[in-house]
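Visitor: So the sequences go chain by chain: A and B. The first sequence finishes on residue 114 if you use our numbering, and the numbering steps up by one all the way, no holes. The second sequence finishes on residue 112 if you use our numbering, and the numbering steps up by one all the way, no holes.
Careful: at least some of the hints might be erroneous.
Simulated crosslink set (EDC-like; lysine to aspartate or glutamate; CA at most 16 Å straight-line) [stated by the list, open to error]:
#, chain 1, residue 1, chain 2, residue 2
1, A, K69, A, E53
2, B, K71, B, D55
3, B, K42, A, E79
4, B, K107, A, D38
Some chain B residues near chain A, calculated using beta-carbon distances under 8 Å [said to hold, decoys possible]:
#, residue
5, Y32
6, F89
7, L100
8, W102
9, G105
10, I109
Cβ pair distances, simulated, as ranges [said to hold, decoys possible]:
#, chain 1, residue 1, chain 2, residue 2, range
11, B, S12, A, P39, 18 to 26 Å
12, A, M50, B, H72, 27 to 35 Å
13, A, E1, B, G83, 17 to 25 Å
14, A, E79, B, H72, 28 to 36 Å
15, B, R61, A, K57, 31 to 39 Å
16, B, R61, A, G16, 45 to 53 Å
17, A, K17, B, M54, 42 to 50 Å
18, B, Q58, A, E70, 33 to 41 Å
19, A, M27, B, E39, 18 to 26 Å
20, A, P107, B, I109, 19 to 27 Å
Hints were generated in silico from the structure; no laboratory data involved. Idealized CB from N, CA, C, for every residue including glycine.
If you want the building blocks of each chain, they are given just below.
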Amino acid sequence: EAQVTQNPRYLITVTGKKLTVTCSQNMNHEYMSWYRQDPGLGLRQIYYSMNVEVTDKGDVPEGYKVSRKEKRNFPLILESPSPNQTSLYFCASRDPAGGLYEQYFGPGTRLTVT
Amino acid sequence: GESVGLHLPTLSVQEGDNSIINCAYSNSASDYFIWYKQESGKGPQFIIDIRSNMDKRQGQRVTVLLNKTVKHLSLQIAATQPGDSAVYFCAENMGSNYQLIWGAGTKLIIKP
Numbered sequence: 001e002a003q004v005t006q007n008p009r010y011l012i013t014v015t016g017k018k019l020t021v022t023c024s025q026n027m028n029h030e031y032m033s034w035y036r037q038d039p040g041l042g043l044r045q046i047y048y049s050m051n052v053e054v055t056d057k058g059d060v061p062e063g064y065k066v067s068r069k070e071k072r073n074f075p076l077i078l079e080s081p082s083p084n085q086t087s088l089y090f091c092a093s094r095d096p097a098g099g100l101y102e103q104y105f106g107p108g109t110r111l112t113v114t
Numbered sequence: 001g002e003s004v005g006l007h008l009p010t011l012s013v014q015e016g017d018n019s020i021i022n023c024a025y026s027n028s029a030s031d032y033f034i035w036y037k038q039e040s041g042k043g044p045q046f047i048i049d050i051r052s053n054m055d056k057r058q059g060q061r062v063t064v065l066l067n068k069t070v071k072h073l074s075l076q077i078a079a080t081q082p083g084d085s086a087v088y089f090c091a092e093n094m095g096s097n098y099q100l101i102w103g104a105g106t107k108l109i110i111k112p
């Protein structure tokens with residue numbers, strides 16, 4: 001089944017404790033992206049990757065890191081999480097054969113930083 | 001900065017009726033406008049997009065209308081079904097690298 005998977009789905013952590021949220025897609029998509037979703041703000045892009053070893057900042061990159069060492073994986077790293085990073089996070093990938101802005105989203109990771 | 005917004009945060013519609021979800025945008029230079037649907041507990045799902053040189057585009061049970069004069073976008077859902085219950089987001093492109101500006105969303109509630 002074609003899909004984007006994220007792990008973990010839920011995470012409660014404390015301020016300053018490094019964490020990684022994994023994202024994997026099995027559709028051989030080149031473009032991948034991370035978003036955060038907060039009430040009343042819609043989705044805001046954190047980082048995106050056009051291809052392996054190519055990453056770039058989105059609208060809200062502060063406090064986050066990413067890497068793209070292989071096409072299928074695009075982990076999101078929080079080196080020192082803070083409470084303002086409590087949010088719902090989505091990973092997405094884009095099908096170049098589909099609509100120009102048709103992205104496939106993972107199920108989301110709900111992160112709470114205390 | 002420029003942003004995409006929605007007129008109504010919640011829309012209640014009788015099952016079987018048509019739904020119209022509205023969206024206002026402010027970036028007149030955007031090339032594409034996109035609608036996504038997000039069901040509870042899931043990630044957003046692409047519905048339909050429309051290019052700025054078009055006024056109307058139809059999909060399966062959905063129609064998107066674009067009025068560039070007043071910078072208004074709407075999503076029409078025909079014969080609304082319980083499975084249409086979701087939050088609907090409009091988004092516009094930022095011109096490069098497939099980046100989007102997302103609206104805050106409209107929650108569609110279907111009354112039986």
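Visitor: What hints, given by number in increasing order, does this structure fail?
Guide: 3, 10 and 14
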